[in-house]
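> From these two lone chains plus the hints, build me the complex, please.
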Amino acid sequence: MDTEFGAINVLFTEFYYWVTVVIMFLIHVGFCVYEVGASRRKHHMHTLMKNTMVIPVVTVTFYLFGWWIYSAFPNGPGFTGGMVAAPFAEPWSELMGPHMGGAPATDAVTAADTALWARLNGVFWAAFLLFSWTTASIVSGACIERIRSGAFWVLAALIGSVLWILDASWGWHPQGWMVRLLGYHDAYASGVVHAIAGGFALGILLVLGPRIGKFRADGTPRNINPHNPWLVTVGLFLIYTGFWGFYAACNIPIFDVQSGDGVFYSATNIYLGPTSLSAITFNFIMALAGGMMSTYVVSKGNPFWTYSGGLAGIIATSAGNDLYHPVQALLLGAVIPVIVYKLHYWVERRFKIDDAVGAVAVHGYAGFLGVVAAGILLWGYPSSPDSSFAVVTPWGNFIGAVIMFWVLGFIPGWISAKVLQAFGVLRIPREVEIAGLDIVTDLDSEQESKEVSASVRQAAKSAGLVG
Amino acid sequence: MTTGNFENWAGKILDIGPIYPFVGWEFILFILALVFWLGWHAMQFRVESQEFHEGVEKIGNPDGMRKALDRNGD
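One line per chain: the protein sequences are A and B, in this order. Note that this note's numbering numbers the first sequence so that position 274 is 578, with each residue one more than the last. Note that this note's numbering numbers the second sequence so that position 9 is 13, with each residue one more than the last.
Chain B with its partners taken away, still in its complex shape (with noise of 0.2 Å):
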């Protein structure tokens, strides 16, 4: 049983060609690397907003912005 696409390096190396695991799976990887990426600024998106959003609840009235002012500067 092999994953990969030739079993040892004694033959002639010119035969071989790719040499990563699962050699025809190509497309799937790469739609699950698409997937991945889109999925990543959704979320990093919806990350960001609820981060946006705590922090106008915070600093939101007049009492959290003096103290972030004080504390920060302008």
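Pulled out of the complex, with its shape left as it was, chain A reads as follows (with noise of 0.2 Å):
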């Protein structure tokens, strides 16, 4: 902050990540919207209010050890190799609040941390929290309707402040191992943030078990509709948009990338390697509208899936929409998502699975694919500006697709919804199912609405309005 170039480029970067959160703010008012409009009316408070206290359950979690976890776990392989000292991530820190930067008030951190943090640490930890958020949200979707909203909060807490943000250290952070070793590229999330809340969902859904009336005696899936088409189209729309805020996020606004002598000011992705706002621009567009227009004729031109399908050209070419041609982009944006399409019939056919809102699908299927195609189109690569690192292959991306949709989601996923279930308290009792979650809020308005009825039809009669 002492010369006007870098005070202005750490002001910028600081309201850079500010306006990017609130963008992606409109990620969770979207998928709240699209929730409320898939779920029965019978559900439908309830389902809202399930997916709303994410914003203070995972905030809280992620500011009292998600935002830590980020910074101390990037050496393993694993857990292995040590944590790393992150003293301003410390939910203690001087440096969790508002600071000026100037002298350390402790000697936990030193002046060069609180000149390097105090302005960014709040938008970083922000920017982060949001992601955390999207990738609850994702899981929400897919149980809606017979999860006890109180388990849900717990592994909404599991999910976003410590499964992904740990995968997040291991492959999305410029030091991360599966970086270093393995030469994983996923600039956009694909695997670090779709396909881990995937697997979760899917984990918890195997033992959660489908709505009542989801299959018929035969074994065969019967459509659940949504109340309300309309709303979970708008709720889409809504995720479209703050998606851009979602992009912008993972990038580094300026930073100097020129190795050796001399400087050059570039944005770079999270690995610190070179990329453009016009770079991901196109290939945002064009990965989007490459799914629009594959789901849309595959499902026969049905709404719900060609929303989706245009969220899923995205999630499936954002490990590498850094870096790929905007062609490249619309035609693998256009062929996994029908991929997936055909995969969330076949699973819930096969196994059985109740996926509400197709999110194992669009996120989980989408982004493990669309991290192993990443490691095809861009093998040979180099993953990190540092030289010494892996590049990317695509081995090295497949094994980081399995950790992230597996090891990391569905496993977890699939361990916490048997404790969950073990306590007896993962499910919702099976009369609230069938009458409604919202009915004992229903019954007793309906009983208000009929008492202030009556005193207004009585204050009328003693006015000698009616007879």
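These aren't lab readings, by the way, just hints derived from the structure by calculation. Warning: the hint list may mix true and false statements.
[Said to hold, decoys possible] Lysine to aspartate or glutamate pairs mimicking DMTMM-like chemistry, simulated, CA-CA at most 25 Å apart:
1) K722/A to E52/B
2) K754/A to D67/B
3) K62/B to E735/A
4) K754/A to D74/B
5) K518/A to E652/A
6) K71/B to D746/A
7) K16/B to E308/A
8) K62/B to E737/A
9) K16/B to D417/A
10) K16/B to D411/A
11) K71/B to E735/A
12) K62/B to E750/A
So, in structure tokens, the structure goes:
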């Protein structure tokens, strides 16, 4: 902050991330709107609150330990290699609050820490936090109408403030061991956000079971239609909009990318590799277009799948959208959503999985395949500006996709759901599921309305307005 | 008397670090936040169980369930 350029760079970066947070808020609005539209009327207010309360639960836990996990575990492989000191991210650090960046108040942080983090810690924390909400929100949609909200909020804290941020530390950190040893490349989080959340949701769904009435006696599935399809599509539109902020937040806006002599300022991806907002803008829109066009055809114009296909198109290309050609993004964004669409119905029939909003497919399968595709298309590319790091390979990204979807997603999801089930708190009572989650409040408000109506009529009668 | 770590903005700004009140109490604040979070989950589980219990009492009989199904559909 002591030179004009340095100060402008820091203040611009601070403002940049703040704006991404505001835009990303729309993702959560979209998920809430989408879930409410997808649920049946008798469940819809509880469905809304289940996802809305992700905001406070994941925020508090991400403050308490999530942000610290990101900086503490990049060493690896896995949990080996020791933890990295991250005093600026400890929840009791002076830098986890308003700070001018001057002299530290304690010995826990240095003057260099305060100069670097004072104006960036809050906005970085918040940008990562919004990714955290997204991971929990993805899971939320899959289990609507039968999971207990209390159980879901425990699972939300686990995926949002532990698991995804651990995978980010491993594979979405400039020094992450998956980047260093496997050449893992996942610039806009196909795997680190979407595949893990999809895998986690699948693990939960396997334990949670389908909604009553979802499958016929012969095991074939029925469609449980959304009570408001129009609201579902508005929700997905909002997610598209918020996704722009998500992409921007994966970049660092101004960074000297010139190694050795000289200076060259550029935007970078999360690995500090050069890219530009133009690059990701080209590819984001082309992938969206590809996904919408292919799923429109394959689903015979079904609005839900056309919108979801657009989202799946973006997710399928996100791992490499810093480097792809727009036509590559278009084609990859068209092909993967078709596979995802087919896979969704195959898994539903074969394993009796009731994924109410297709979240496992749109996020999990598309994210997994997107990471695998990036390993093939970007084979031999540097995974990092550090030339000692492994280069991108098909096998490196495949292993990475397996870690994201299965190791850190599916297995912890299945185990944690089993634990909640063992305590009898995973699923709502059968009677409540049949009558509707909102039944108690519905009956109460019906009674209240009757009382108010009777009292109004009585008042009208007393005033002689009616006979 | 001040609860803050500085008394005015007139000095050298670079000498100013944290600007929130009660600097030095951060670990206590952390513990309070931890208790608040865990306590919330415990209370929420209790409230939710009570709500389900009440719901099952209201609709857990043929008449109540019929009314609920008539009202909310299937």
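> Checking each numbered hint in turn, tell me which of them this model violates, lowest number first.
none
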